[in-house]
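**Q** Given chain A, work out where chains B, C and D should sit, using these hints.
Here is what each chain is made of, one letter per residue.
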Amino acid sequence: MAVDPAPLGPHLRLRLFASLREAAGWGERHWPLAAAEAPTPRQLWQALALPGELLTIRVAINQQFASLDTPLQAGDELAFLPPISGG
Amino acid sequence: MAVDPAPLGPHLRLRLFASLREAAGWGERHWPLAAAEAPTPRQLWQALALPGELLTIRVAINQQFASLDTPLQAGDELAFLPPISGG
Amino acid sequence: MSSPSCRRSVVAEVSQALAASAGDRAPLLRIDLCAQPLLPWQQLQRWQLLLLDRGLIAPAESQFIGRVRPLAGDGSPLTRLELEHYPGMTERQLQSLAHAAAVRHGALAVLVQHRVGHLAPGEAIVLVAVAADRRGPAQRCCQELLEALKHDAPFWKREWRQDGSSDWLAGNTPL
Amino acid sequence: MSSPSCRRSVVAEVSQALAASAGDRAPLLRIDLCAQPLLPWQQLQRWQLLLLDRGLIAPAESQFIGRVRPLAGDGSPLTRLELEHYPGMTERQLQSLAHAAAVRHGALAVLVQHRVGHLAPGEAIVLVAVAADRRGPAQRCCQELLEALKHDAPFWKREWRQDGSSDWLAGNTPL
Numbered sequence: 001m002a003v004d005p006a007p008l009g010p011h012l013r014l015r016l017f018a019s020l021r022e023a024a025g026w027g028e029r030h031w032p033l034a035a036a037e038a039p040t041p042r043q044l045w046q047a048l049a050l051p052g053e054l055l056t057i058r059v060a061i062n063q064q065f066a067s068l069d070t071p072l073q074a075g076d077e078l079a080f081l082p083p084i085s086g087g
Numbered sequence: 001m002a003v004d005p006a007p008l009g010p011h012l013r014l015r016l017f018a019s020l021r022e023a024a025g026w027g028e029r030h031w032p033l034a035a036a037e038a039p040t041p042r043q044l045w046q047a048l049a050l051p052g053e054l055l056t057i058r059v060a061i062n063q064q065f066a067s068l069d070t071p072l073q074a075g076d077e078l079a080f081l082p083p084i085s086g087g
Numbered sequence: 001m002s003s004p005s006c007r008r009s010v011v012a013e014v015s016q017a018l019a020a021s022a023g024d025r026a027p028l029l030r031i032d033l034c035a036q037p038l039l040p041w042q043q044l045q046r047w048q049l050l051l052l053d054r055g056l057i058a059p060a061e062s063q064f065i066g067r068v069r070p071l072a073g074d075g076s077p078l079t080r081l082e083l084e085h086y087p088g089m090t091e092r093q094l095q096s097l098a099h100a101a102a103v104r105h106g107a108l109a110v111l112v113q114h115r116v117g118h119l120a121p122g123e124a125i126v127l128v129a130v131a132a133d134r135r136g137p138a139q140r141c142c143q144e145l146l147e148a149l150k151h152d153a154p155f156w157k158r159e160w161r162q163d164g165s166s167d168w169l170a171g172n173t174p175l
Numbered sequence: 001m002s003s004p005s006c007r008r009s010v011v012a013e014v015s016q017a018l019a020a021s022a023g024d025r026a027p028l029l030r031i032d033l034c035a036q037p038l039l040p041w042q043q044l045q046r047w048q049l050l051l052l053d054r055g056l057i058a059p060a061e062s063q064f065i066g067r068v069r070p071l072a073g074d075g076s077p078l079t080r081l082e083l084e085h086y087p088g089m090t091e092r093q094l095q096s097l098a099h100a101a102a103v104r105h106g107a108l109a110v111l112v113q114h115r116v117g118h119l120a121p122g123e124a125i126v127l128v129a130v131a132a133d134r135r136g137p138a139q140r141c142c143q144e145l146l147e148a149l150k151h152d153a154p155f156w157k158r159e160w161r162q163d164g165s166s167d168w169l170a171g172n173t174p175l
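Residue numbers (my numbering), protein chains in the order written: chain A, 1 to 87; chain B, 1 to 87; chain C, 1 to 175; chain D, 1 to 175.
Pulled out of the complex, with its shape left as it was, chain A reads as follows:
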């Protein structure tokens, strides 16, 4: 799964992991932002038409757990995390 090149203008970095990455067919991509745009993870989930139930997904913004309704800013890294199974 190739990573698309980062756009020159303001953008988000998007990341998927494990089962979600495989179902979506990509693990990392960039999302260009218009100047005043501050989408939430929930809005991006719908815009990307990602597979599965958002209910089972946790999100991380800049590698920290965050709410689905946090407004995102240019430069942010947003990750959708399927159910965790560590340890």
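I should point out that these hints are in silico values taken from the structure, not numbers from a laboratory.
Beta carbons: idealized from backbone N, C-alpha and C, even for Gly.
What you were told as hints is all true, and nothing was included just to trick you.
No more than 20 Å apart at the CA atoms, straight line, and that leaves these computed lysine to aspartate or glutamate pairs for DMTMM-like:
hint, chain 1, residue 1, chain 2, residue 2
1, C, 150, C, 82
2, C, 150, D, 133
3, D, 150, C, 133
Here's a subset of chain D near chain B, in silico, CB distances under 10 Å, partners left out:
hint, residue
4, 86
5, 90
6, 92
7, 125
8, 152
9, 171
10, 172
**A** Chains B, C and D in isolation, oriented as in the chain A frame:
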């Protein structure tokens, strides 16, 4: 602390440990029994005039915890155990 | 003291420097992600030397080791277990969970070693060790930290079976 | 597999033979009283080899190590800790407590190593390890067995101080 020699007739083996052994000045002795006699640990504690409070003491008969009021038989090993501090 | 098989997180180094400068109270944390087989006794022995080196005598030490089960969730033999993680976030979360648990329980030191990559059945996945002044805090901290990292550190397990098929696990085994 | 520093109890041998003949369900118990320094990692590694030898892969392993504190109860430096026991009864009680805890929690195997004699500050007093199929039973069994042996196995601690004075402890440190 020398152990007294075992008497020829029916008897109990008595044992004390740790602080109780040191307070009493002996660790092991024998207690002759008359034919029909079956004293309890509580009775022996009093007969021996052992130091300290019986309330804080546990007894073991033949190396198993037992009640203070169990009748003892010839050949039994009775131990008075001060508060335990293991592990 | 560094392990050839385990990658030391930068976050851990920084926090440890802070801990050292903050004096006796700050817990000593050591957190590693390991791409190579994790040998718990070796790691524990190394950790023990590290504690001695810092002058820490821990009257109580509680440890947990988790290993790969021989069977997959569907009961068929497991050939290997794959552990994916989120580089950067996983280390940071382990660090933050370990620090929070150590402070909550007043632990002297916490060690977490967690595998990533491909593991064979029987191999160690995770090692958590907690040194404390009393047995209660050591045990409770170890237990809580294990639950915390199972639920709040981004790891994903995939079971590979003999026929080449695989499944991502959708959660943890019950406590 | 036998340890040079630890005296194996006869009761443990018998129970293990029984366990072996009773099939998979009986827990593997290994109980030792040690008159010489107890090196926890060595013992754990040996135990691990014993489990492998019996074909036991334990997905979850919980351990506890207790060490001699540097200070006596009155806050003065401790020169050594003396551990008295009741030969025969102590081994039997450890065996019976370990068996009961293992059965109660369905543990696969339990290791108990306990020092007797004179110990220096920092030396290991007790090592308890429990192997089980899941982390909950492993942790709970380890914790319960530690409490049980602290309260129901006949051991007595005496703290020796620098001025040659000593005190028998009248109980355990709080949990």
